[in-house]
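A.B. asks: Take a look at the letters that make up each chain.
4 protein chains.
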Amino acid sequence: MDVGVVGGSGYAGGELLRLLAGHPALKVRVVAGQRTAGAELRALFPHLGLDGRVVPADPGALADCDAVFLATPHAASLGLAPALVAAGTPVLDLSGAFRLPEEVFADWYGEPHAAPALTPAVYGLPELHRDRLPGAALVAVPGCYPTAALLALAPLAGLVDPAGVVVAGLSGTSGAGSGLREDLHASHAFGNVAPYGAPRHRHTPEIEHHWGQGAPITFTPHVVPMARGLVATVTATLTADPAAVGPAFCEAYGGEPFVTVLPDGAWPATAHVRGANTAHLGVAVDLRTGRVTVACVIDNLVKGAAGQAIQAANAVLGLPEATGLPTAAVYP
Amino acid sequence: MDVGVVGGSGYAGGELLRLLAGHPALKVRVVAGQRTAGAELRALFPHLGLDGRVVPADPGALADCDAVFLATPHAASLGLAPALVAAGTPVLDLSGAFRLPEEVFADWYGEPHAAPALTPAVYGLPELHRDRLPGAALVAVPGCYPTAALLALAPLAGLVDPAGVVVAGLSGTSGAGSGLREDLHASHAFGNVAPYGAPRHRHTPEIEHHWGQGAPITFTPHVVPMARGLVATVTATLTADPAAVGPAFCEAYGGEPFVTVLPDGAWPATAHVRGANTAHLGVAVDLRTGRVTVACVIDNLVKGAAGQAIQAANAVLGLPEATGLPTAAVYP
Amino acid sequence: MDVGVVGGSGYAGGELLRLLAGHPALKVRVVAGQRTAGAELRALFPHLGLDGRVVPADPGALADCDAVFLATPHAASLGLAPALVAAGTPVLDLSGAFRLPEEVFADWYGEPHAAPALTPAVYGLPELHRDRLPGAALVAVPGCYPTAALLALAPLAGLVDPAGVVVAGLSGTSGAGSGLREDLHASHAFGNVAPYGAPRHRHTPEIEHHWGQGAPITFTPHVVPMARGLVATVTATLTADPAAVGPAFCEAYGGEPFVTVLPDGAWPATAHVRGANTAHLGVAVDLRTGRVTVACVIDNLVKGAAGQAIQAANAVLGLPEATGLPTAAVYP
Amino acid sequence: MDVGVVGGSGYAGGELLRLLAGHPALKVRVVAGQRTAGAELRALFPHLGLDGRVVPADPGALADCDAVFLATPHAASLGLAPALVAAGTPVLDLSGAFRLPEEVFADWYGEPHAAPALTPAVYGLPELHRDRLPGAALVAVPGCYPTAALLALAPLAGLVDPAGVVVAGLSGTSGAGSGLREDLHASHAFGNVAPYGAPRHRHTPEIEHHWGQGAPITFTPHVVPMARGLVATVTATLTADPAAVGPAFCEAYGGEPFVTVLPDGAWPATAHVRGANTAHLGVAVDLRTGRVTVACVIDNLVKGAAGQAIQAANAVLGLPEATGLPTAAVYP
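Protein chains in written order, with the numbering used here: chain A, 38 to 369; chain B, 38 to 369; chain C, 38 to 369; chain D, 38 to 369.
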């Protein structure tokens, strides 16, 4: 099957091309972009060794694909998705355009939603929403932090008090994109850790909405000195038997090819998922405080973006969900 | 005045020597150590350019000093401090030996306290316990995480619900000491972030005890890929008027030479305190959730260890508290 | 075909397992080790998600394999290779045991060679020695620095003065292995660069011998603060027409799937080959000085170790040389 | 004495302010800048904790100072220095404006020199040109690479063949300044090493001219993944008795407060000079090749820029040369 990738100049676009180069069933037919139209792929992505050029991001050029990945800013996705959906081309959108209900989007993005009939789209976190993916017209691929936070939170539904949930996020700089910014200058970033964006980071309502427990959470992201890798550390107060926590995680993820729940007492490390579509979780029940802490690590560009998009595309297109996705990480 | 430094082979010992080299009133008369006795300072600390050798850590050799810094593991501090205190030599202990009440120590360290009459000693966080320092016989210099967490928490006393406080910690690797360990291997640590130690990290009861609000907190530390720097990010539920938060921080730290509260909406960065005895705080009240988030950054080896020890020693010895301590950081 | 991997506890062993997991024709039948015999692969390599256990490194258990990779220290390779070769099992040795003539080995390793009849083995740098690989009984997989230095030097043979060649090496810490050492402590390694090993690094005679121009080179390696990636920067004095340099590199590598010569004036970056079996070269002729500088970057664990071993194994076993090897790098 | 600092928004300007904050005899009276005029120092330099604002870079406002530091691009230095010199205000220029003879400057900078009567100024490398500094009107503070390369080369004059000298440079990203550039994006820079600028880096003629041996050198700089720290590794062919090398270095630097020659066989590490005005040198004579390799490490912003400027200013103004400059580094 042929696929298109739009937004080829960013990190998620490059990661889609890296992963699709090893995919046995999906072939990249077109790489499209606005700002980079005409550029050689070899110059844009010296790490990929690909031939060809970027073409303009024109729905007409994309509609013949069996699926299209939009690795574009949300404004561009809002512009492109409706025409593709209307043409019957399955769309995997990696932006925040279609992850939230219209009114929540308007509140957190500060603008009315430009395609309200399409939002919220099917939320492409296969471990939690697998049954809605086959044949979906439009998939909102989750944000990086929500992916990790929701994998940590999902098994806790019904076991913890929805009020008072705290999520600490730690992410490498690639999560902030490839644009030039003072706070992404290498000399600033080496040896530096800093919170940012709280309490109005747009991933906050995404976590709240898709956990669906009806209470606001507090989410504080921090940037850490590395290019890729992400941790979401969730703390919540138990309302159920603490002995139910372990089994809930085993049941939730026992058969999942991409999710590993570590043995009791062990915490995961982002280095162990680098470059892979995997999530590792550590779970600790603290009888002293009556709280549970769950940490989930992912590679923000793979399970947190491009890998998850391909996993969702596999499901949409009727392929085995794990097709073409690496479970072995690049370590050290 | 002459001071002694015991435990000269570790990072905190080296940092004491670096800072004392620029101190106008305190002169290092003796550097003592057990494992490194006899070694040249130049070989142990190639970055300091010091003459002299390490002598055995014998209380007799130290008692003539006007003050002694113990940058030793807690077991060594428990052995050395009683004799020095008995000899009337002020002791600044950087270990966890004397920070907790006897029974709390026993619970978290898994051993009975070997010098119960001396614990808890005066807690050497000058911004919070300044009045008890002049003339103190034994000062327990706070741990790195507790320093940052307590500076973040102290102004919140009375404004938040003591139950449900969550502290996320992020620290560079130097906080784990200079000993060789698999998880401190450079190849593992580059590009890696991981939680560790939770929920039984020994800094947990230290934060609880010295905040003194009577409720357990949840503390989850993470190691981040850099040598020094630390963030404590505190989340708590407001019980008072949200408008009281800002003034509480201004009042608490308005005149402090080492503590800066950032303007509304700004978050601190560890790079801005590297090598300095400073703490930077960012505070965000979230009306949507009714919670407050406070992040405090320090250099774990300076304000989190050696710098704070010297600040406390200045107070103990009657010197102006800021004497000899850098407020300008090494950036970038 | 079935292969065995010995020395599964190190970085090169892990990288072999990562790459072989994606190889369509080679299946890992046995992972053997001395120190780690009995350990679960899942515990040794949390990043790989593999089932099974390490078995003792017994030639009998390995001889049924179609090929065996030795990712072992040279002493272990010297012990294992003769029996495997005698049994007719092709051996790919990643250590330095069989890369040098007997007497050169003795000089630089400070010990007589324990299997002189087998050394030097076929040198497994396919781009330069492709014709000797099919059916080889024992392949000495090149060292990481020699791989990069020889790819940079080979096209210069006949164009430069063999005397006076200078090679600067820069490598991430994984090149030093996974053993615990003071200079590999994370807190020391972050933000640190240092030369090491010169002028007696064992890769020096390997570069000299396999370039084969008969003059000693000066090689100075430096460790740089990252886990993987390596640069060899070669400087030599031109004796031929400077205009011959560019075409020599085009001719040497024009059809190579893993070697890219960058456009004039461009220098390569290690980040662009991370995790891939690729080498990128930059070439600059300096008419002012009459010298040429060539920089070659590789991932020291892939093209500098495990990837190259598999590339050589493909050739030994009659598979297309590029089978199963990634050309797309993990960037950023 | 009062000094002015122009170009306060860059890394060298910030480092001047950090070091001058601890200087007992020099007080910063004015911080001037073009682009940042009017900005609060506290906002520009959150790591310094300074009061005051940047004023416009007007020679009139600066001429009353006892000395002025120009931490400006070379074009700005060319504009400001003549008026200050004419007014009799000693100038310490950290740019490349006055380091080269007029015609060499024109060749390498691609523009005629705008103030040819002033170039080359007194070259402010005190260890090599101390006698010309007292009372100097204009000092060209050396570049970072030339500082390290010249400290490594100077003792070799007369002992090596001036032809065929090769210098490998390795520098952290702060050497490239604080401007935003694709190759200084954090996500690109983490875990990345790359040569750059060769063979036309402007520090090349500076090394050649100030070594003064009349032969071209080959200089290849590399960027390494850290914010500060620099190595220059020099290789040259011996023409004198190899036994003369060690004594030459001892004699050259035996009494220098900022230069340490390491024991035989030891190589220096940039981490050991971080934040300090020190240079560490390792020297290895290789009898096998007849060559000598010398590596010199410095902090590019201290001994390679701001610290050296202050060291030179001390000499110009008649203060003890080491006044106010740290010899203890921030390690780890």
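Just so you know, the hints here were simulated from the structure itself, not pulled from any lab data.
Since the structure is predicted, the reported quantities are computational estimates derived from the model, not experimental observations.
There may be inaccurate statements among the hints.
Under 8 angstroms between C-beta atoms, here's a sample of chain D residues computed to sit facing chain C [as the list claims (entries may be wrong)]: (1) Thr156; (2) Ser224; (3) His225; (4) His246; (5) Gly249; (6) Pro253; (7) Asp278; (8) Ala321; (9) Arg325; (10) Thr330.
Label pairs and their computed distance ranges (CB to CB) [stated by the list, open to error]: (11) D:Ala123 to A:Glu148: 55 to 63 angstroms; (12) B:Ala123 to C:Tyr146: 31 to 39 angstroms; (13) B:Arg90 to D:Pro294: 50 to 58 angstroms; (14) D:Arg72 to A:Gln250: 23 to 31 angstroms.
Which stretches of chain D does chain C cover? Using the computed rule of at least three CB atoms under 8 angstroms from a CB of chain C, they are [as the list claims (entries may be wrong)]: (15) 94-102; (16) 165-173; (17) 195-208; (18) 212-218; (19) 296-308.
Even glycine gets a Cβ: it sits at the ideal position worked out from N, Cα and C.
A.B. asks: Evaluate each hint against the coordinates.
C.D. replies: Going through the hints against the structure:
1. With a least beta-carbon distance of about 21 angstroms to chain C, the hint placing D:Thr156 at the interface is violated under the 8 angstroms criterion.
2. Among the interface hints, the one on D:Ser224 holds; its C-beta lies about 4 angstroms from the nearest C-beta in chain C, closer than the 8 angstroms criterion.
3. Proximity of D:His225 to chain C holds as hinted, the smallest CB-CB distance being about 6 angstroms (cut-off 8 angstroms).
4. Here the hint on D:His246 is broken, as its CB sits about 14 angstroms from the closest CB of chain C, past 8 angstroms.
5. Interface hint at D:Gly249: violated, since its Cβ lies 17 angstroms from the closest Cβ of chain C, which is beyond the 8 angstroms cut-off.
6. Against a cut-off of 8 angstroms between C-beta atoms, the interface hint on D:Pro253 holds, since the closest Cβ of chain C lies about 4 angstroms away.
7. For D:Asp278, the interface hint is violated, since its Cβ never comes within 8 angstroms of a Cβ in chain C; the closest pair sits about 18 angstroms apart.
8. Residue-level restraint check for D:Ala321 holds (minimum Cβ-Cβ distance to chain C is 5 angstroms; threshold 8 angstroms).
9. Restraint check, D:Arg325 versus chain C: the minimum CB separation of about 6 angstroms is within 8 angstroms; hint holds.
10. Annotation: D:Thr330 was flagged as interfacial toward chain C, and the flag holds, the nearest CB pair being 5 angstroms apart, inside 8 angstroms.
11. Separation of D:Ala123 from A:Glu148 is about 58 angstroms and conforms to the stated range, judged on CB atoms against 55 to 63 angstroms.
12. Judged by the Cβ atoms, the range 31 to 39 angstroms given for B:Ala123 and C:Tyr146 is violated: they are separated by roughly 58 angstroms.
13. Between B:Arg90 and D:Pro294 the beta carbons are some 21 angstroms apart, a value that contradicts the proposed interval 50 to 58 angstroms.
14. With their beta carbons about 50 angstroms apart, D:Arg72 and A:Gln250 fall outside the hinted range of 23 to 31 angstroms.
15. Counting residues of the stretch 94-102 of chain D whose CB lies closer than 8 angstroms to any CB of chain C gives 0, which falls below the minimum of 3, so the coverage claim is violated.
16. By the rule of at least three residues with a Cβ nearer than 8 angstroms to a Cβ of chain C, the coverage given for the stretch 165-173 of chain D is violated, with 0 such residues.
17. Note: the stretch 195-208 of chain D has 4 residues with beta-carbon separation from chain C under 8 angstroms; the three-residue rule is met and the coverage holds.
18. Requiring three or more residues with a Cβ within less than 8 angstroms of a Cβ of chain C, the coverage given for the stretch 212-218 of chain D is violated, as only 0 such residues are present.
19. Look at the stretch 296-308 of chain D against chain C: 5 of its residues bring a Cβ nearer than 8 angstroms to a Cβ of that chain, three or more, so the hint holds.
Hint violations for this structure: numbers 1, 4, 5, 7, 12, 13, 14, 15, 16 and 18, all remaining hints satisfied.
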